[in-house]
Amino acid sequence: MTAVSQANAQLQQANAANLDAHSSEFLVFSLGEEEYAVDILKVQEIRGYENVTRIANAPDFIKGVTNLRGVIVPIVDLRIKFHLANVEYGGQTVVIVVNVGDRVVGIVVDGVSDVMTLSPDQIKPAPEFGVTMSSDYLSGLGSLEDRMLVLVDIDKLLTSEEMALVDKTTH
Amino acid sequence: MDITDFYDTFFEEAEELLGDMERLLLELDVDEPDAEELNAIFRAAHSIKGGAGTFGFLVLQETTHILENLLDHTRRGELTLRRDIVDTFLEAKDMLHDQLNAYRNGEEPDQEAFERICKTLKQMALDELGGAEGTKAPKAKPAPEPVKEAETTASADGVNDSESDEEQETTLRVALLNVAEKDRGLLVEELAQLGSVIEQQGDDKRYEVTLKTAVSGEDIEAVMCFVIDAEQLEISAAEPVSTVAPAAQPVDQAPAEPAPAAPAETKSEAPPKPDASAPAKPPASSKDKKPQGGKPKGSGESSLRVPVDKVDQIINLVGELIITQSMLDQTASEIDGMTHSALHNGLNLLQRNARDLQEAVMSIRMMPMDYVFSRFPRLVRDLADKLNKDVELITEGKSTELDKSLIERIIDPLTHLVRNSLDHGIESPDEREAKGKPRGGKLTLSAQHQGGNILIEVIDDGAGLNRAKLLAKAESNGLAVSDSMSDDEVWQLIFAPGFSTAEQVSDVSGRGVGMDVVKRNIQAMGGHVEILSREGQGTTTRIVLPLTLAILDGMSIKVGKEVFILPLGTVLESLQPSRDDLYTMAGSDQLLKVRDEYLPVIALHQVLDIDNARTELTECIVVIVQGEGRRYALMVDDLIGQQQVVVKNLETNYRKVPGISAATILGDGSVALILDIADLHRLSRRKTVQPTHKSIKPTQEVLTS
Chain D
1 MTAVSQANAQ LQQANAANLD AHSSEFLVFS LGEEEYAVDI LKVQEIRGYE
51 NVTRIANAPD FIKGVTNLRG VIVPIVDLRI KFHLANVEYG GQTVVIVVNV
101 GDRVVGIVVD GVSDVMTLSP DQIKPAPEFG VTMSSDYLSG LGSLEDRMLV
151 LVDIDKLLTS EEMALVDKTT H
Chain G
1 MDITDFYDTF FEEAEELLGD MERLLLELDV DEPDAEELNA IFRAAHSIKG
51 GAGTFGFLVL QETTHILENL LDHTRRGELT LRRDIVDTFL EAKDMLHDQL
101 NAYRNGEEPD QEAFERICKT LKQMALDELG GAEGTKAPKA KPAPEPVKEA
151 ETTASADGVN DSESDEEQET TLRVALLNVA EKDRGLLVEE LAQLGSVIEQ
201 QGDDKRYEVT LKTAVSGEDI EAVMCFVIDA EQLEISAAEP VSTVAPAAQP
251 VDQAPAEPAP AAPAETKSEA PPKPDASAPA KPPASSKDKK PQGGKPKGSG
301 ESSLRVPVDK VDQIINLVGE LIITQSMLDQ TASEIDGMTH SALHNGLNLL
351 QRNARDLQEA VMSIRMMPMD YVFSRFPRLV RDLADKLNKD VELITEGKST
401 ELDKSLIERI IDPLTHLVRN SLDHGIESPD EREAKGKPRG GKLTLSAQHQ
451 GGNILIEVID DGAGLNRAKL LAKAESNGLA VSDSMSDDEV WQLIFAPGFS
501 TAEQVSDVSG RGVGMDVVKR NIQAMGGHVE ILSREGQGTT TRIVLPLTLA
551 ILDGMSIKVG KEVFILPLGT VLESLQPSRD DLYTMAGSDQ LLKVRDEYLP
601 VIALHQVLDI DNARTELTEC IVVIVQGEGR RYALMVDDLI GQQQVVVKNL
651 ETNYRKVPGI SAATILGDGS VALILDIADL HRLSRRKTVQ PTHKSIKPTQ
701 EVLTS
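Protein sequence lines correspond, in order, to chains D and G. No gaps in the numbering here: position 37 of the first sequence is 37 in the numbering used here, and each next residue is one more. No gaps in the numbering here: position 266 of the second sequence is 266 in the numbering used here, and each next residue is one more.
For the record, the hints were derived by calculation from the structure and aren't laboratory data. Where is the CB? At the ideal position from N, CA and C, for every residue including glycine. Keep in mind that the hints are not guaranteed to be accurate.
[Unchecked claim] No more than 25 Å apart at the CA atoms, straight line, and that leaves these computed lysine-lysine pairs for BS3-like: (1) Lys469(G) with Lys398(G); (2) Lys156(D) with Lys656(G); (3) Lys558(G) with Lys593(G); (4) Lys656(G) with Lys81(D); (5) Lys81(D) with Lys156(D); (6) Lys386(G) with Lys119(G).
[Said to hold, decoys possible] The following residues of chain G were derived to be distant from chain D, with all beta-carbon distances above 12 Å: (7) Glu108; (8) Thr210; (9) Lys310; (10) Leu317; (11) Asn353; (12) Ser374; (13) Asp581; (14) Ile665.
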């Protein structure tokens, strides 16, 4: 075994340890042609995109707020955040409602495909750096035959300063 | 079960007892103290000491003990009260409060402060009692020391209510009712510290401990009450060893069937001061409440301690119900009323019930203003002393209720206003006399309901505001003033930042960093402040607050396709402007003339970047609004109507949005934002300063559904 693959194996183990024993189930969603996945335990529910009230002077990827059974929830469009070319809202547009810390946030995606269980050896380390998306927000890459899933660390992504979802003073 | 589980109960009860103690001390007539009040103060100290002993809070226990001794001498008339003695007692009470807080936070209380207060109290005992008692301070030890000065009586059976100073041991039978075995051990251990346990037997239902002790039944009860309810405790004399008790009294009566008339008479033979702390108890059973001692925990039937978040959850749910109900209403209004009259009737009923429910639930959060007012007697007393003024505090409308969140936030502004009145308002006695006023000043705090608002007033009969002085000061501060300003406008000057007319900065007030903060705080609560003043006769500061923050009377407006809510309190009027009334300034600023006043026009669609809005002012509606003293004309497309809305926090899941105070949910289930009038004004100014920083073109969006 080479030194590199040994290091990789260690990294994988570290990654696998980071995700707790039950969290290797992921919800897979698509943004354009790309496939992403979030820890299923973070997902509260999936709903359609409707009735979003715009918030003035907010970044363009913050679509506004919606009423989720009496709770005011901000809606973020990850497609705009990730600069995908074609952003459409239709019957297929789906909002994944996730719990981040004690907050509830909805993220707009093109579609939700399936729930997948990934074993530790299917999770590869994230690339050292990303151009658009900082690798800080990734927990790894899921490798499945010919598919690649980008595993998003939704906590880090949504509470990051660039998402502007959280007041700096309150966090 | 661990004894620490009871800490919280102790802390809360001790806090209440300290509150009682302060109130009573303040109410005390120094020249002719009421025996009943002195007893009540003593009992409060006594109960705290008992609890502190139980939980091993040594510092608290010892401080209370010394204080208790002094109080005991006071109530027996051996120590004559003076104002400075009451002051010392109050100081000691504050110290106890600090210690209690320290324990609550899991810290040890300040040792130095502890020693200081002990020294003060002991010194006082020495001075006032000629040394007889002053040196008797106890050593700190875990068990409450047998309280020699306290009623060492087997008061339970009424035989032995004498107030003897002599030590006497009695044998008490303490019955624990319905106490589980695991707690029982703890309690018996506790009892063993109070005396010697001779015998113990029984089961969960009734467990009897025979105890030989010098501590009175009442003391035992005080200690135990922090752990179990008063009802669970029965204390009776097993075989009263009444060595000092008047011999006339039969001593062998069984606790169950005592001589009915006996107790009252025995009492009269007690030392000079009739002891009211242990009034004749019906001898039949000691199970009945202890006289007025401490707070029997059994009073729980009348009130219930509930965590605030549980109440808030109910309020939220009721809010949901109201929203669902108005959604149903909206849907039903599209259905033919004739054929579906039953449905409409049902919906009407639902609406009424939902509103009633909402009102009832909101009332849970309501607290009486007494919660605020009760802290002022002390403050006024201390301040008046410090300033050498003679001030009488009058409070009115103590029972007026206000939302808990508001009541907590009103304390600081109100404190500030009271300080101001005492410092600047009410003159010194000599000055007052020279002006032909009574030497003593009057400060009135009042609260009353007025429509959906609460009116809180701070009224003093002091010097009043000095118009000329205010104007001069404003001028030197660089504020734009003129002699033609109305009184109201002049009074408003004192709310300007950094404004103070006090010639000397005292540590009470006068730094000028107050009134603007007061005003801001009150505005943040959705209220406003008014000042009425007449020179030489006094000043009235009036605070108007909404009753609650959870529901808002709003006016819904429409711009483009978006609906917003304006708080009705900020809306002065709305009108359709005519071209003749429009003027421009500096090229682009628009002004609207409304009854001799030129108001700046702020277009909501510009500030909030709303598409498809009407841009021609004469086709729009302007709403004249006022926030933080600024008045302007807000340009909107349409008025929709007035409605009550449930206020939803935006910051729970999102963040503060400029120009927006909160959100609400409309009848169709969509979210509408509630505008923040003052912030909107700031936002509009920011936008005009840097007009086109929006260079990023939003990604193309197509709505296909």
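Verification of the supplied hints:
1. Lys469(G) with Lys398(G): 35 Å, violated
2. Lys156(D) with Lys656(G): 20 Å, holds
3. Lys558(G) with Lys593(G): 23 Å, holds
4. Lys656(G) with Lys81(D): 21 Å, holds
5. Lys81(D) with Lys156(D): Given that 25 Å is the threshold and the Cα spacing comes to 15 Å, the pair holds.
6. Lys386(G) with Lys119(G): Cα-Cα ~23 Å, so holds.
7. Glu108: 33 Å, holds
8. Thr210: 55 Å, holds
9. Lys310: 17 Å, holds
10. Leu317: 8 Å, violated
11. Asn353: 19 Å, holds
12. Ser374: 33 Å, holds
13. Asp581: Nearest chain D Cβ is 28 Å from Asp581(G), so the label holds.
14. Ile665: 5 Å, violated
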